[in-house]
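Visitor: For reference, the chains in residue letters:
Number of protein chains: 2
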Amino acid sequence: MSCGTELVLAFEDPLTYLPRKPIQEFGRREVIYDRQHPCPGLYVVIMGRVKVTTSSDGFETIGRIVSSEGLFGESALIGARDRVESAVALDPTSVMCWTRTDIEEQIEREPRLGLALSQYLVRQCIELQERIESMAVHKTPHRVMLALLQLAGSVGVPMADGSTRIGSLTHVTIAEYVGTSREIVTFQMNRLRRMGLLRYSRKAIDIYEPAMQKAFREQDINSTQPPRVVASQMAALAEL
Amino acid sequence: MSCGTELVLAFEDPLTYLPRKPIQEFGRREVIYDRQHPCPGLYVVIMGRVKVTTSSDGFETIGRIVSSEGLFGESALIGARDRVESAVALDPTSVMCWTRTDIEEQIEREPRLGLALSQYLVRQCIELQERIESMAVHKTPHRVMLALLQLAGSVGVPMADGSTRIGSLTHVTIAEYVGTSREIVTFQMNRLRRMGLLRYSRKAIDIYEPAMQKAFREQDINSTQPPRVVASQMAALAEL
Chain Y
3 MSCGTELVLA
13 FEDPLTYLPR
23 KPIQEFGRRE
33 VIYDRQHPCP
43 GLYVVIMGRV
53 KVTTSSDGFE
63 TIGRIVSSEG
73 LFGESALIGA
83 RDRVESAVAL
93 DPTSVMCWTR
103 TDIEEQIERE
113 PRLGLALSQY
123 LVRQCIELQE
133 RIESMAVHKT
143 PHRVMLALLQ
153 LAGSVGVPMA
163 DGSTRIGSLT
173 HVTIAEYVGT
183 SREIVTFQMN
193 RLRRMGLLRY
203 SRKAIDIYEP
213 AMQKAFREQD
223 INSTQPPRVV
233 ASQMAALAEL
Chain H
3 MSCGTELVLA
13 FEDPLTYLPR
23 KPIQEFGRRE
33 VIYDRQHPCP
43 GLYVVIMGRV
53 KVTTSSDGFE
63 TIGRIVSSEG
73 LFGESALIGA
83 RDRVESAVAL
93 DPTSVMCWTR
103 TDIEEQIERE
113 PRLGLALSQY
123 LVRQCIELQE
133 RIESMAVHKT
143 PHRVMLALLQ
153 LAGSVGVPMA
163 DGSTRIGSLT
173 HVTIAEYVGT
183 SREIVTFQMN
193 RLRRMGLLRY
203 SRKAIDIYEP
213 AMQKAFREQD
223 INSTQPPRVV
233 ASQMAALAEL
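From first to last, the protein sequence lines stand for chains Y and H. Residue 3 is where the first sequence starts when you use my numbering, and the numbers rise one by one after that. Residue 3 is where the second sequence starts when you use my numbering, and the numbers rise one by one after that.
Take the hints with a grain of salt, since some may be wrong.
Said to hold, decoys possible - Residues from chain H that keep clear of chain Y, each with C-beta distances beyond 12 Å, as calculated:
id, residue
1, 17
2, 48
3, 96
4, 108
5, 129
6, 159
7, 198
Said to hold, decoys possible - Chain Y stretches covered by chain H per the calculated footprint, using a threshold of three residues with CB under 8 Å from any CB of chain H:
id, region
8, 88 to 101
9, 113 to 123
10, 127 to 133
Calculated from the structure, these hints are not laboratory results. Every residue gets a Cβ at the ideal spot worked out from N, C-alpha and C, and that includes glycine.
Chain Y with its partners taken away, still in its complex shape (with noise of 0.2 Å):
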């Protein structure tokens, strides 16, 4: 997303709102929560990554990379029982995390909790239809230009050559962020390093963002879907 600095300072922080809790630990690839441990309420990312995935009809597809202070675990809020939803650590991490009731007991006590909530929820709500929009306008070349993009601006660190470095992610979890599979996600970031927008090793991830928006931007004009007509159209005959 592109806010300005204006736009940052124009929502309240709902961690200004909530009482500490115990610092809980967990291990690189550990589980905080899934099918067997259901999520038992809403987490912050003290340090380090989460990756949160949901199941659909038994595989997972898309993740949601939450670092250092972004929340996760929402649907807590509402008891969606029913949902699949796990949370592993990405690298050792360490988070808090608050009941429903927890939640709705400060919000008597500290109203402007509930509104920083909801900010937050509008800006995950934009971020998720951003998505949907990307994978209905862009191809899957452009998506993983564009997932690496959205990753530098919400995990990403600047770094001393004009880089912006992302921790380690597998090509998996870019896979299961974009929502494509592995397999394309290593053809493509092969693409990317041919082209020098990007350097990548076991331990980082290394963005040149202006030359990837620029690149990106440059494709987008060849290539965004509309004719998509064309191309999916003929997918969606031969699909039946």
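Dock chain H against chain Y, hints included.
Guide: Chain H in isolation, oriented as in the chain Y frame:
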């Protein structure tokens, strides 16, 4: 979404806590807000239906259809002025609107409004997430079926013959909801009509939900995306 009664009762309704406002009336196809008339606040639909769409790179994508008691315009809560969203009445429609300041003041007076809004937004996030999953997991023909089932669940009315009636929606609107082209929607709607799963006219779409759910599940077993690797990898390579 498949929510049991238990879940439906498990969260607060924001409308309980919002003060009355003057009712605004809009004719069919009339613009409620758009690029030229930015969204002034959070709306509720009193009567009728509203189509909310966002523009990305100049053309409209994914819409949401909001019916009686549904909220829209929530991005006004964070003042997302860089976001181009528009809302158009699909039927003769009446709405109420609260500015961001109205909402903030009301949350101070009535903290449970903040909780209710948060819960409403969590449900909206889940719905968006499910649409992302649908796009990642299902092929277009199934996404059309799923969209019709979702619309039946959210804006449909049960009929005497066991079908669920969705008031008239153009194929363009359904295409925007699915994230595909009008042509594909027309093709698929015809196919579903031939299969006896729906009936449609300019006035309404009647969906035989149980039969469509059954067809969806049966076809789905044979065609869910993984091994989407094959089809979409070929497509991604072809797109280079």
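Visitor: Would you mind marking each hint as holding or not holding in the structure?
Guide: Status of each hint after checking the structure:
At the 12 Å boundary, the C-beta of residue 17 of chain H stays outside the reach of chain Y, the nearest C-beta of that chain being 15 Å off. Residue 48 of chain H, annotated as away from the interface, keeps every beta carbon of chain Y farther than 12 Å; the closest lies near 21 Å. With 12 Å as the threshold on Cβ separation, the claim that residue 96 of chain H sits away from chain Y holds: the shortest Cβ distance comes to roughly 24 Å. Against the 12 Å criterion, residue 108 of chain H falls within the reach of chain Y, whose nearest CB is about 9 Å from its own CB.
Non-interface status of residue 129 of chain H relative to chain Y is broken: a Cβ of that chain comes within 12 Å, the nearest being about 9 Å off. With a least beta-carbon separation of about 24 Å from chain Y, residue 159 of chain H lies farther than 12 Å from that chain, consistent with its non-interface assignment. A cut-off of 12 Å between C-beta atoms confirms that residue 198 of chain H is not in contact with chain Y; the least separation is 17 Å. Given as covered by chain H, the region 88 to 101 of chain Y fails the check, having 0 residues with a CB less than 8 Å from a CB of that chain where 3 are the minimum.
Here's how the region 113 to 123 of chain Y fares: 9 of its residues keep a CB closer than 8 Å to some CB of chain H, so the rule of at least three is met and the hint holds. Taking a C-beta to C-beta cut-off of 8 Å, the region 127 to 133 of chain Y contributes 6 residues in contact with chain H, enough for the three needed, and the coverage statement holds.
When the structure is compared with the earlier hints, violations turn up for hints 4, 5 and 8 and for no others.
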